[in-house]
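Order-wise, the sequence lines are chains A and B.
Per my numbering: the first sequence ends with 213, consecutive numbering throughout.
Per my numbering: the second sequence ends with 310, consecutive numbering throughout.
Source of the hints: derived by calculation from the structure; they are not laboratory data.
Among the hints, erroneous ones may be present.
As the list claims (entries may be wrong) - Now the in silico label distances, taken between C-beta atoms and shown as ranges:
| hint | chain 1 | residue 1 | chain 2 | residue 2 | range |
| --- | --- | --- | --- | --- | --- |
| 1 | B | S102 | A | F109 | 37 to 43 Å |
| 2 | A | G142 | B | K140 | 16 to 22 Å |
| 3 | A | L166 | B | I182 | 34 to 40 Å |
Stated by the list, open to error - Straight-line distance between alpha carbons at most 30 Å, and here's what the computed DSSO-like set of lysine-lysine pairs gives:
| hint | chain 1 | residue 1 | chain 2 | residue 2 |
| --- | --- | --- | --- | --- |
| 4 | B | K211 | B | K222 |
| 5 | A | K185 | B | K247 |
| 6 | A | K192 | B | K247 |
| 7 | A | K192 | B | K113 |
| 8 | A | K187 | B | K247 |
| 9 | A | K185 | B | K113 |
| 10 | A | K187 | B | K113 |
| 11 | A | K187 | B | K110 |
| 12 | A | K185 | B | K222 |
| 13 | B | K210 | A | K169 |
| 14 | A | K52 | A | K185 |
| 15 | A | K52 | A | K169 |
| 16 | B | K222 | B | K210 |
Beta carbons are placed, not taken as given, at the ideal position from N, Cα and C, and that holds for glycine.
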Amino acid sequence: MPVGETVILNNHPVLVPNNVHTVPLRAGIPYDIFVGNVGNTLDVPGELKAFQYIVLDAVAVSPPTLQAQIYVNTTRYFQNPDRTVSQGISGNLVPYPNGKGGIINFDYREGLQPALYISPLQTWGVEVTPLEDIPEYTGVNVTDANIAFCYVKYLLIDGVDALVAKALIDANWELSVQNIQKYKEIVVKNHIFAGTAELPDSISERKRRV
Amino acid sequence: MGIRGELYEWDLTGVNFTSILELPTAGQEYSIFSSIYGSSIEQTALVKEDKFVVINRVACKQGVSPNEYELNGTELIKWNPNMFVQIVIDTTGYYRDPQNLYHAGISGMASPYPVTVERINYYDLFPPVYVIPDQTWDIRFTLFNDLKKAYENGLFTTIKSDVILASVFVDYTLYDGTDAILARKLLSLGVPITIDTVQWLRQLILQNKGLDTETFDFYLKAVREIAKKAKEKRKLQGLATISDYDPS
Chain A
4 MPVGETVILN
14 NHPVLVPNNV
24 HTVPLRAGIP
34 YDIFVGNVGN
44 TLDVPGELKA
54 FQYIVLDAVA
64 VSPPTLQAQI
74 YVNTTRYFQN
84 PDRTVSQGIS
94 GNLVPYPNGK
104 GGIINFDYRE
114 GLQPALYISP
124 LQTWGVEVTP
134 LEDIPEYTGV
144 NVTDANIAFC
154 YVKYLLIDGV
164 DALVAKALID
174 ANWELSVQNI
184 QKYKEIVVKN
194 HIFAGTAELP
204 DSISERKRRV
Chain B
63 MGIRGELYEW
73 DLTGVNFTSI
83 LELPTAGQEY
93 SIFSSIYGSS
103 IEQTALVKED
113 KFVVINRVAC
123 KQGVSPNEYE
133 LNGTELIKWN
143 PNMFVQIVID
153 TTGYYRDPQN
163 LYHAGISGMA
173 SPYPVTVERI
183 NYYDLFPPVY
193 VIPDQTWDIR
203 FTLFNDLKKA
213 YENGLFTTIK
223 SDVILASVFV
233 DYTLYDGTDA
243 ILARKLLSLG
253 VPITIDTVQW
263 LRQLILQNKG
273 LDTETFDFYL
283 KAVREIAKKA
293 KEKRKLQGLA
303 TISDYDPS
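Just chain A, same shape as in the assembly (with noise of 0.2 Å):
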């Protein structure tokens, strides 16, 4: 961030050489990626409006002493083997970017398996929790090796797709952008189907009007 501020809203923040700092993160304390008034930031949550639906794919943070925690209104969804809610998947298992200080991202190239899926209306977010806290660096210090990044991947399923994930959803099928490609196929095949079957008699042996 430059030099005296901690959030930048809505955008990315303009930096030149030697006057920027990172800022400091305490260690347990959660941080929300889109409204924790820290770093880039948003103004409202991550809100699905009534035509969109989101397949949340992967998470990945940095530095490995981060962890990331996804929310879906107000459930969690890294768990304890417990049933207590954890502070997320960590930078070790998911650095970003990946190959970051020589980890790579090896158990979780696939992303959230089975991936998480936010129905319209769901309020959705990101928190991140450093294990130990993170100092804050200032000037020349401030490198992309200790710089900490939160970064989060989604598809956005919007318009007619929406309607196509419900049905897939209705119908149990995993929602995939393969999936929903193949659902629209059927759903042209059996127009055409349609178009050429027999009418019943009830319409074809009605006289025509002209």
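Guided by the hints, dock chain B onto chain A, whose structure is given.
What follows is chain B alone, placed relative to chain A:
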């Protein structure tokens, strides 16, 4: 050539750097095709009526911190751009933020170019973006590390000619002629447009219609009939020329 896998690389280098006006403003969006910066082509990418474009991948130079520059005296020899790229079709931006607003796009950290062992791409453009005929497509970059301000602050006075300040890579498939028509047919059927599906549709059409000459004969006869009637009409109207009376 019906189907071509095309690559386009845009680079902003220090070649012929003479003034601050040759540097893009940080935080502002520019086209890699039609802006005055870098190796642009001075024209937007319009898809003509007999073409179809599928954008498969976009990537850009990685690096966030503005401090990761290197100098040789007062000459800049390395720069981190902190750049993002957005795909724009006509007036619509592809990437939106979680509050559904247009934003700068995908960063060089998520989709780096070039990919290195320490920077493996996380992001794939999937599903690919289709650009149909008569649409204009553009790739726009935004730099968030302020090169102009660094110059004004006296960080450097010159830029080494071969230093890459920013770069963008685009991978797209260009379908031309009849392949573009097949691509549009697939699009209307809701079938994904790939090289395989276009070739599959062509094979299917050839298998089903390739040996059938009846349709062609019918249309040939119909066209001759129409030409004959038009000639007779011109004669009746007194508009016929010498060629209309030519027995051949």
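Verification of the hints:
1. With their beta carbons about 39 Å apart, S102 (chain B) and F109 (chain A) fall inside the hinted range of 37 to 43 Å.
2. Separated by about 18 Å at the C-beta atoms, G142 (chain A) and K140 (chain B) satisfy the suggested range of 16 to 22 Å.
3. At roughly 36 Å, the beta carbons of L166 (chain A) and I182 (chain B) sit within the given window of 34 to 40 Å.
4. For the hint linking K211 (chain B) to K222 (chain B), the alpha-carbon distance of about 18 Å falls within 30 Å, and the restraint holds.
5. The straight-line distance between the Cα atoms of K185 (chain A) and K247 (chain B) is roughly 16 Å, inside the 30 Å bound, and the hint therefore holds.
6. For the given pair, K192 (chain A) sits about 14 Å from K247 (chain B) by alpha-carbon distance, which is consistent with the 30 Å threshold.
7. At most 30 Å may separate the alpha-carbon atoms for a hinted pair to count; K192 (chain A) and K113 (chain B) meet this at roughly 26 Å.
8. For the suggested pair K187 (chain A) and K247 (chain B), the alpha carbons sit about 14 Å apart, so the restraint of at most 30 Å is met.
9. With a C-alpha separation of about 25 Å, the suggested pair K185 (chain A) and K113 (chain B) falls inside the 30 Å cut-off, and the hint holds.
10. Of the pairs offered as hints, the one joining K187 (chain A) and K113 (chain B) holds, with about 24 Å between alpha carbons and a cut-off of 30 Å not exceeded.
11. The straight-line distance between the Cα atoms of K187 (chain A) and K110 (chain B) is roughly 27 Å, inside the 30 Å bound, and the hint therefore holds.
12. The hinted pair formed by K185 (chain A) and K222 (chain B) fails the criterion: a straight-line CA distance of about 52 Å is larger than 30 Å.
13. The straight-line distance between the Cα atoms of K210 (chain B) and K169 (chain A) is roughly 49 Å, outside the 30 Å bound, and the hint therefore fails.
14. For the hint pairing K52 (chain A) with K185 (chain A), the CA-to-CA distance comes to about 24 Å; that is within 30 Å, so the pair holds.
15. Between the alpha carbons of K52 (chain A) and K169 (chain A) the distance comes to roughly 14 Å, so the proposed pair stays at or under 30 Å and holds.
16. This hinted pair checks out: K222 (chain B) and K210 (chain B) have alpha carbons roughly 16 Å apart, not beyond 30 Å.
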